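Residues in the sequence shown are numbered consecutively from 1, following our numbering.
It should be emphasised that the hints constitute simulated quantities derived from the structure, not laboratory data. Bear in mind the structure is a predicted one, so any value in this text is a computation, not a measurement. The beta carbon of each residue, even a glycine, is placed where N, CA and C say it ideally should be. One should not assume that every hint holds.
[Stated by the list, open to error] Quick list of simulated restraints, FRET-style, between CB atoms:
(1) R230 with P181: 26 to 32 Å
(2) D14 with F84: 19 to 25 Å
(3) L8 with P296: 42 to 48 Å
(4) W351 with N299: 19 to 25 Å
(5) V150 with A246: 44 to 50 Å
[Said to hold, decoys possible] Once the Cα atoms are required to be at most 20 Å apart in a straight line, the calculated EDC-like pairs of lysine to aspartate or glutamate come out as:
(6) K276 with D220
(7) K276 with D373
(8) K276 with E39
(9) K276 with E261
(10) K276 with D243
(11) K276 with D14
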Amino acid sequence: MGTHAIRLRMWWDDAFWVIPVTGLLVAVVVDWLVHATDEAFADSAAELTLLSPSSAVTLLASIGGGMITFTGFVFSLVLLIIQFGSSSYSPRTVSYFLRSRVTQSVLAIFVATSTYAFLALISIGSAGRDTYVPVLGVLVCLVFLLASLVAFLALIQNVAGRIRVDALLSDLGRVARRALPQRVPAGGELVAGLDPAPEVAGGGVVVRHRGDSGQIVGIDVAGAVRMAARSGVEVLFQVRVGDGIAPGTRVALVAADSVVEQFDRCVLVHRERSLKYDPLYALRILTDVGLRALSPAINDPTTAVRALDEVEAVLRAAAPLPLGPVRIRAGAGSVVVRGATWSDVVDLAIWEVLEAGLTAPQVTRRISALLSDLLTDLPAERHAPLLRYRQRLHEAVTESVQPRDAGPWLVGDNQGIGGGRWTEETRP
1 MGTHAIRLRM WWDDAFWVIP VTGLLVAVVV DWLVHATDEA FADSAAELTL LSPSSAVTLL
61 ASIGGGMITF TGFVFSLVLL IIQFGSSSYS PRTVSYFLRS RVTQSVLAIF VATSTYAFLA
121 LISIGSAGRD TYVPVLGVLV CLVFLLASLV AFLALIQNVA GRIRVDALLS DLGRVARRAL
181 PQRVPAGGEL VAGLDPAPEV AGGGVVVRHR GDSGQIVGID VAGAVRMAAR SGVEVLFQVR
241 VGDGIAPGTR VALVAADSVV EQFDRCVLVH RERSLKYDPL YALRILTDVG LRALSPAIND
301 PTTAVRALDE VEAVLRAAAP LPLGPVRIRA GAGSVVVRGA TWSDVVDLAI WEVLEAGLTA
361 PQVTRRISAL LSDLLTDLPA ERHAPLLRYR QRLHEAVTES VQPRDAGPWL VGDNQGIGGG
421 RWTEETRP
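With the sequences and hints as input, model every part of the structure.
Right, dumping it as structure tokens:
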């Protein structure tokens with residue numbers, strides 16, 4: 001996907017106002033259609049006295065003004081819930097809550113109801129009669145009101161569901177698992193030995209970032225490959241998705257100087273990392289939730305265990321992928337794109353939670369089960385970082401408690417405590 005398409009989708013993800021404004025426009029169009037229909041049948045319905053003008057004015061004014069007050073109250077409550085979630089889980093979960101399409105759609109219905117009520121209010125007494133009441137318009141306004149009440153119930157259910165820690169962690173894990181295979185460049189070959197001093201044939205020219213500072217949310221690999229093929233050059237990107245970038249930061253090394261400036265355009269920079277285009281960001285938030293749960297102020301190891309459930313699922317999804325730097329050849333040119341290695345992913349998933357959870361038997365037992373299961377199920381080439389952390393876990397627990405008492409802390413238990421039983425045979 002090119003940078004223009006990613007920018008468009010990023011704009012859509014961040015544009016909280018678009019759907020509510022669409023609701024306002026829908027109210028204007030519906031009012032125009034209903035008003036035209038009411039006027040077309042004004043003569044035939046002249047004898048109907050279903051509603052007096054004063055009653056219609058009172059009803060529509062009450063609905064319009066009441067919906068404005070109700071909208072302010074409801075979304076003040078939603079913002080308080082979001083603030084609670086960000087303080088309890090991680091500040092980076094705010095975007096997860098704000099990007100809910102249900103919240104935006106409910107706001108659109110509320111805005112549409114208020115707008116339509118006031119527009120229908122204007123039409124009372126029009127059509128050349130002081131006693132004219134747009135009966136259909138009043139009925140449609142009542143339909144809008146009923147839709148707002150139903151939308152309010154849907155909003156409460158949605159917000160209550162998203163604020164639950166299990167739902168939040170499940171959604172983050174699902175986002176990471178879905179995005180991981182989509183972010184691995186296709187048609188390339190893994191490259192080893194890029195660090196610490198990557199080089200290209202012939203030395204190369206440094207491409208530096210000339211835009212604003214921010215976070216890299218995407219690299220247009222296909223565009224870079226096309227440019228490299230046309231020019232017959234080798235390009236090595238020195239940044240990767242998720243990196244912070246500032247003006248003057250090294251972006252790439254290019255084995256030519258005629259097309260240097262073009263490759264900076266292949267890097268998409270945004271003010272924050274993206275859950276949709278940066279799967280390791282979702283894994284980062286899962287780790288943050290686990291770390292916050294293990295902090296002395298919160299002391300909730302059960303939440304950390306739940307985060308580790310999703311972490312294990314992400315690791316299982318990442319294991320079969322060709323992780324690491326990838327070289328993509330096209331004609332006489334080639335592009336090397338940096339990517340997280342398997343060891344990088346394991347470090348992000350386990351390291352901090354392991355160190356923070358050494359005093360919580362729930363966490364040590366869950367990590368022990370996670371490592372044992374992955375070592376059993378994954379191929380041998382994925383074992384090295386897992387074995388390293390299993391050794392670290394055994395050493396740290398043995399140092400913190402008496403060696404003869406370390407068994408219960410290290411037995412694998414997928415529930416932390418309650419899913420496994422320590423016996424003399426399972427003592428390490």
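Status of each hint after checking the structure:
At about 29 Å, the beta-carbon gap between R230 and P181 stays in the expected band of 26 to 32 Å. For the hinted restraint 19 to 25 Å between D14 and F84, the CB-CB distance of approximately 22 Å keeps it satisfied. The supplied range of 42 to 48 Å is met by L8 and P296, whose beta-carbon atoms lie about 44 Å from each other. Separated by about 21 Å at the C-beta atoms, W351 and N299 satisfy the suggested range of 19 to 25 Å.
Evaluation of the 44 to 50 Å hint for V150 and A246 yields a pass: the beta carbon distance comes to about 48 Å. Under the criterion of a C-alpha separation no larger than 20 Å, the hint pairing K276 with D220 is consistent with the structure, at around 15 Å. The suggested pairing of K276 with D373 is violated, with an alpha-carbon distance near 28 Å, which exceeds 20 Å. With a CA separation close to 49 Å, the supplied pair K276 and E39 exceeds the 20 Å bound.
For the hint linking K276 to E261, the alpha-carbon distance of about 28 Å lies beyond 20 Å, and the restraint is violated. Between K276 and D243 the alpha-carbon distance is near 15 Å, which keeps this suggested pair within the 20 Å criterion. A C-alpha spacing of about 12 Å is found between K276 and D14, which places the hinted pair at or below 20 Å, so the restraint holds.
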